[in-house]
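In order, the protein sequences belong to chains A, B, C, D, E and F.
For the first sequence, counting from 1, position 155 maps to 155 in this note's numbering; every step adds exactly one.
For the second sequence, counting from 1, position 224 maps to 224 in this note's numbering; every step adds exactly one.
For the third sequence, counting from 1, position 178 maps to 178 in this note's numbering; every step adds exactly one.
For the fourth sequence, counting from 1, position 146 maps to 146 in this note's numbering; every step adds exactly one.
For the fifth sequence, counting from 1, position 52 maps to 52 in this note's numbering; every step adds exactly one.
For the sixth sequence, counting from 1, position 62 maps to 62 in this note's numbering; every step adds exactly one.
If you are wondering where the hints come from, they were derived from the structure by calculation, not from laboratory data.
Check before you lean on any hint, since a few could be wrong.
[Claimed, not checked] Computed, partial: chain D to chain F, Cβ under 7 Å: (1) A22; (2) H23; (3) A24; (4) G55; (5) G64; (6) H71; (7) D180.
[Unchecked claim] Think about it this way: if two alpha-carbon atoms lie no more than 35 Å apart in a straight line, the pair counts; the simulated DSBU-like pairs of lysine-lysine are: (8) A:K82 x E:K148; (9) B:K52 x F:K196; (10) A:K196 x C:K222; (11) F:K196 x F:K52; (12) E:K148 x A:K54; (13) A:K54 x D:K196; (14) B:K196 x D:K196.
[What the hints assert, rightly or not] Covered by chain E, according to a simulated footprint, are these stretches of chain C (three or more residues, beta-carbon under 8 Å): (15) 11-25; (16) 77-91; (17) 153-159; (18) 196-210.
Quick reminder that beta carbons are idealized off the backbone N, C-alpha and C, glycines included.
There are 6 protein chains.
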Amino acid sequence: MRPNGRAPEQMRPITITRHYTAHAEGSVLIEFGQTKVLCNASVNEGVPRFLKGKGQGWITAEYGMLPRSTHSRMNREAASGKQGGRTLEIQRLIGRALRAAVDLTQLGEYTITLDCDVIQADGGTRTAAITGACVALVDALRWMQERKQLKTDPLKFMVAAISVGVHEGQAICDLEYVEDSAAETDMNVVMTSTGKLIEVQGTAEGEPFSEEELVTLLGLAKGGIAELITAQQAALAT
Amino acid sequence: MRPNGRAPEQMRPITITRHYTAHAEGSVLIEFGQTKVLCNASVNEGVPRFLKGKGQGWITAEYGMLPRSTHSRMNREAASGKQGGRTLEIQRLIGRALRAAVDLTQLGEYTITLDCDVIQADGGTRTAAITGACVALVDALRWMQERKQLKTDPLKFMVAAISVGVHEGQAICDLEYVEDSAAETDMNVVMTSTGKLIEVQGTAEGEPFSEEELVTLLGLAKGGIAELITAQQAALAT
Amino acid sequence: MRPNGRAPEQMRPITITRHYTAHAEGSVLIEFGQTKVLCNASVNEGVPRFLKGKGQGWITAEYGMLPRSTHSRMNREAASGKQGGRTLEIQRLIGRALRAAVDLTQLGEYTITLDCDVIQADGGTRTAAITGACVALVDALRWMQERKQLKTDPLKFMVAAISVGVHEGQAICDLEYVEDSAAETDMNVVMTSTGKLIEVQGTAEGEPFSEEELVTLLGLAKGGIAELITAQQAALAT
Amino acid sequence: MRPNGRAPEQMRPITITRHYTAHAEGSVLIEFGQTKVLCNASVNEGVPRFLKGKGQGWITAEYGMLPRSTHSRMNREAASGKQGGRTLEIQRLIGRALRAAVDLTQLGEYTITLDCDVIQADGGTRTAAITGACVALVDALRWMQERKQLKTDPLKFMVAAISVGVHEGQAICDLEYVEDSAAETDMNVVMTSTGKLIEVQGTAEGEPFSEEELVTLLGLAKGGIAELITAQQAALAT
Amino acid sequence: MRPNGRAPEQMRPITITRHYTAHAEGSVLIEFGQTKVLCNASVNEGVPRFLKGKGQGWITAEYGMLPRSTHSRMNREAASGKQGGRTLEIQRLIGRALRAAVDLTQLGEYTITLDCDVIQADGGTRTAAITGACVALVDALRWMQERKQLKTDPLKFMVAAISVGVHEGQAICDLEYVEDSAAETDMNVVMTSTGKLIEVQGTAEGEPFSEEELVTLLGLAKGGIAELITAQQAALAT
Amino acid sequence: MRPNGRAPEQMRPITITRHYTAHAEGSVLIEFGQTKVLCNASVNEGVPRFLKGKGQGWITAEYGMLPRSTHSRMNREAASGKQGGRTLEIQRLIGRALRAAVDLTQLGEYTITLDCDVIQADGGTRTAAITGACVALVDALRWMQERKQLKTDPLKFMVAAISVGVHEGQAICDLEYVEDSAAETDMNVVMTSTGKLIEVQGTAEGEPFSEEELVTLLGLAKGGIAELITAQQAALAT
């Protein structure tokens with residue numbers, strides 16, 4: 001039995017609040033149950049040095065956790081003087097996922113930075129971040145369109161992400177912290193609104209897993225992501 | 001005329017939301033108009049090395065701004081590898097203010113860390129942080145009392161803080177960003193619920209100021225802080 | 001047509017040289033074609049702080065590239081003062097893969113560090129590192145057994161890793177640099193000698209990919225890893 | 001009774017030695033009793049990036065303590081790899097104070113850096129630094145005038161600073177270390193030669209203080225600063 | 001009696017392998033007995049800022065030790081976040097030695113970086129690095145000549161280096177680790193193929209030494225360096 | 001002709017001022033002409049970790065230059081976040097030189113830190129630092145003897161250091177900055193009061209040098225160091 005009596009394939013309640021803060025070109029608070037991530041999209045003219053003069057844009061992401069977003073207080077990365085490996089890994093993942101969603105040539109020489117800051121953590125922060133950042137990205141692109149900074153819509157499709165895993169021998173979707181920390185297998189999946197895969201990261205935390213388990217988990221992920229895409233589209237329609 | 005037609009001595013609307021996040025022993029979102037700061041209090045056993053064996057506790061603070069809490073995006077301090085001088089100065093101020101409010105001997109060998117993270121900035125983030133952190137601190141002390149970790153209530157009084165300044169020749173209270181960035185004189189005042197001063201930091205941004213101006217500004221600060229103390233007590237009474 | 005006329009499922013020549021350097025408890029130079037990685041295993045008494053007194057051991061990994069292991073010279077991470085995100089991501093992956101291969105309780109309170117340093121890079125450095133580090137790990141465990149530091153053999157199975165990807169529409173195995181840098185999809189797979197999965201990391205570099213493509217790639221990976229396991233066992237038998 | 005039998009309002013002996021080192025455009029050793037601070041002013045062409053093309057100059061300060069300027073040896077900040085919060089706070093204060101004294105538009109596109117290094121510390125290092133740096137600044141401006149780099153004298157007034165505080169219930173001026181470390185209230189005041197305030201920083205170290213105490217302390221500060229301005233002018237007249 | 005029965009003036013076997021890795025413009029593995037250092041030369045257009053527009057080139061060096069090149073594992077400098085004093089000292093020495101060998105004006109506005117990475121350490125790594133780097137440098141200059149990037153050969157002479165020392169009262173040449181770590185006096189000597197001195201660094205590790213001892217050691221060094229120069233020339237002739 | 005008409009073997013005027021600052025156990029300002037270095041010795045109980053329990057003491061040194069000790073302002077190392085290679089190299093040299101002068105076993109489990117800070121630079125700062133630090137060290141040892149922290153005098157001999165070099169074809173002693181920056185050969189020599197060598201560091205800045213030149217320079221150094229030892233002893237006798 002999962003916490004709160006969830007069925008194995010059942011997601012936690014999803015909430016997407018747009019325009020959450022006032023200054024960002026896109027600002028989304030996304031909640032997967034008790035996990036809350038603020039995703040702010042910032043539009044800036046210019047591109048990183050390695051892209052200068054290539055006539056294309058860039059999308060990048062940064063990720064952070066507030067020190068007390070977690071059960072016990074974590075060190076503040078700004079104070080310890082560097083971002084940890086987990087942080088860098090997650091923000092690289094978010095960046096790759098969102099770059100896949102956009103035709104960077106149509107974006108023009110702009111950089112969009114997605115800041116994903118975890119206000120409260122209860123498992124699945126990176127997947128919530130990707131899902132929320134995509135909505136913030138769409139708001140930023142709309143903001144650019146209103147200012148005539150874009151000739152066409154560079155968005156190719158929406159992207160969303162979910163964690164799936166094997167916990168006490170059962171494949172489950174959208175793990176919360178108590179499940180995640182005891183999972184035998186843990187997989188994060190990023191998919192498009194067209195049903196294709198952007199990223200699959202599966203890890204055996206305890207025993208190694210079989211191809212069949214991987215396929216089962218992928219199936220669960222598909223269902224969850226379809227639900228997330230629906231929630232994204234509903235939020236963007238209001 | 002001030003933005004939104006405020007009178008010189010008039011504060012912005014104050015909102016104090018307790019239990020804003022789930023994990024912290026005290027968690028307060030404080031809003032001074034459009035300025036929103038999340039203040040989380042974390043209780044940990046033990047004290048820093050320089051206090052070991054002295055039979056007293058410690059209170060410290062850390063301050064940060066989300067990169068897009070501001071009009072244009074700031075660099076993330078965790079990514080740039082160090083906290084800037086302004087950040088360090090503010091978190092030292094917050095720590096001093098809250099230590100003044102507590103009898104550290106009665107606290108016992110515990111450390112309470114106040115994490116003040118700016119979600120949205122519109123002037124006065126450090127004064128909002130102090131005011132909100134004091135409420136979070138009280139919640140953390142209550143939490144400790146419930147667990148019998150305290151024999152007596154170590155709180156000596158509430159503390160609150162406000163910014164006052166001279167803008168276009170007029171002394172005003174609780175400056176928002178457009179006022180703050182153009183102020184001739186800028187002063188942050190921390191006071192107790194007993195009407196005494198904890199900290200006064202006045203700076204001539206343009207022309208130097210006279211002792212009379214300082215006294216006028218102090219008077220404005222007193223009024224604002226009385227209002228903040230009332231808001232703190234109302235929040236804690238619910 | 002692949003470079004050197006390789007068939008899609010064909011691996012590059014694999015060379016595993018044990019006892020490559022003199023000081024390490026396990027020292028392996030592994031070559032996947034032109035990719036050459038030196039994997040040194042160091043045994044030390046004691047465990048990291050978070051494991052103290054739990055009666056188990058620890059396995060960790062560090063990864064680095066010599067500045068001129070690559071086509072154009074990279075900055076030396078020691079000189080720039082931090083390890084980049086890619087480096088941290090890879091060394092976390094290597095560590096997880098090798099921890100999965102060992103019963104840490106049977107290891108006792110020892111730490112084994114796998115240093116994987118790329119002497120020459122031509123694609124697949126992380127998979128070569130995992131495959132070579134596993135051999136170095138076995139040599140280190142044998143060294144411990146000779147010194148009676150182990151009561152039982154804590155190795156659960158061998159692990160090996162391979163990269164697979166889609167390049168010019170074709171699924172291929174063991175990508176070299178020119179293929180890797182132009183691949184549409186890129187997947188790193190870590191498997192056990194028992195045919196199970198430890199880690200799957202698939203990324204759409206260009207277009208998103210389908211579940212079918214993922215399954216095809218997994219099939220290619222299985223074949224390659226079987227070959228690697230054979231090479232590991234042959235090397236260890238000499 | 002104060003150490004050395006000083007009266008409450010009595011300053012320590014002030015010594016200002018100009019041209020203390022050979023290379024700097026302005027070089028002043030200032031002594032407040034046993035506190036000795038070397039203040040070097042360096043003139044450089046150009047301004048920081050955020051001021052480029054605005055036709056104005058910039059004044060900035062850096063502060064440091066020699067490791068054994070203090071009773072017990074402090075860590076060398078260059079070795080520990082960062083400047084502490086106190087250091088940054090003080091050098092920001094020195095920079096603000098001296099910028100207030102100069103019409104930056106008349107300075108032209110030059111940057112003057114004030115390096116304030118504490119040779120020996122006995123309380124009041126930041127106020128000695130401001131007072132001495134102002135003399136070094138004047139020497140640097142004179143040096144620029146001799147080279148026709150200035151059309152007019154950009155100095156608006158002299159600035160000087162003093163610490164005042166409440167110690168054993170008594171308001172005193174120019175605290176030395178044994179007084180400072182036991183003071184109930186501590187206030188640093190920066191004033192101009194025209195009798196106006198540049199900066200007031202008052203802190204309750206023990207019990208909170210009243211507005212009356214603040215006004216008393218300001219009065220003491222005024223007297224001390226008048227004496228410092230006289231000493232500056234005497235030094236500059238020789 | 002020295003280890004392996006070497007005579008006091010006898011060098012360890014010298015091996016110089018050119019074209020050791022594939023990408024660098026010069027790539028040499030040099031072995032002094034069990035000491036193995038990989039020296040890669042990288043040619044890049046442009047010069048450091050302080051040389052821009054002066055019509056000359058630059059030669060610089062970086063040095064590192066693989067963490068398990070030594071008896072017990074050293075910390076990885078990239079992970080600890082800075083290069084230690086010994087590392088910086090050695091790479092400065094290598095850079096000076098090789099700059100002395102080249103007419104930088106004839107080099108044109110190119111920078112050649114010598115990366116010297118210790119694969120296995122057994123004493124004398126800095127001298128092996130200088131000796132090997134000089135061969136890699138010659139290969140890089142030849143590579144530039146083939147591409148017509150040089151009008152003349154900027155090499156003035158070969159340089160090589162050897163360590164000499166006093167161990168158990170006896171002056172010996174080319175110390176290995178067990179000798180080096182117990183030497184009373186330790187001296188590193190860099191010389192040219194024309195028999196002149198580039199650098200002499202002698203240190204009393206235990207008792208101070210006399211001028212006579214210094215002259216004796218210099219004599220030993222001369223003999224060793226002549227042998228090294230011969231080995232360099234033989235390697236370059238093939 | 002040398003600046004100020006000095007003869008080739010002639011030193012600049014040497015001044016050694018003991019008890020220069022108030023807090024350090026030994027505090028010496030040493031001047032070699034216009035070069036001024038403050039050398040403070042700090043005595044602390046305990047030794048670094050690698051010496052714990054070995055019953056011996058430790059001597060270490062740190063070196064720094066005030067930003068405007070030089071002709072044009074240097075960056076402050078504390079602000080740039082690390083000590084440069086030259087700084088580390090010099091402080092390692094100072095530490096080695098002073099450890100050679102002391103029987104660390106007789107020192108007992110104390111650490112003496114020599115802080116050498118350059119107030120004004122005009123060539124020869126490292127040699128002045130060593131020479132001055134030795135006097136400060138003697139004062140610190142005397143301070144320990146007065147407190148009965150030492151049973152015997154652990155000083156084996158005095159050490160002093162001088163720079164010699166070849167400038168415009170002439171061997172000269174005690175180079176000032178204009179000579180040093182144009183020298184063909186530059187050599188720093190550390191010697192004992194017993195006439196033995198502790199360290200010899202000779203570098204060809206332009207053309208390589210011969211053994212004969214080295215011997216000539218050593219002879220010059222001997223004369224200069226004898227003079228320095230006399231000055232040290234005279235200072236310590238007062």
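Results of checking the hints against the structure:
no.: 1; hint: A22; result: holds, 6 Å
no.: 2; hint: H23; result: holds, 5 Å
no.: 3; hint: A24; result: holds, 4 Å
no.: 4; hint: G55; result: violated, 23 Å
no.: 5; hint: G64; result: holds, 6 Å
no.: 6; hint: H71; result: holds, 5 Å
no.: 7; hint: D180; result: violated, 15 Å
no.: 8; hint: A:K82 x E:K148; result: violated, 45 Å
no.: 9; hint: B:K52 x F:K196; result: violated, 49 Å
no.: 10; hint: A:K196 x C:K222; result: holds, 23 Å
no.: 11; hint: F:K196 x F:K52; result: holds, 31 Å
no.: 12; hint: E:K148 x A:K54; result: holds, 30 Å
no.: 13; hint: A:K54 x D:K196; result: violated, 56 Å
no.: 14; hint: B:K196 x D:K196; result: holds, 25 Å
no.: 15; hint: 11-25; result: holds (count 4)
no.: 16; hint: 77-91; result: holds (count 7)
no.: 17; hint: 153-159; result: violated (count 0)
no.: 18; hint: 196-210; result: violated (count 0)
Hints 4, 7, 8, 9, 13, 17, 18, counting from the list given before, are not met by this structure.
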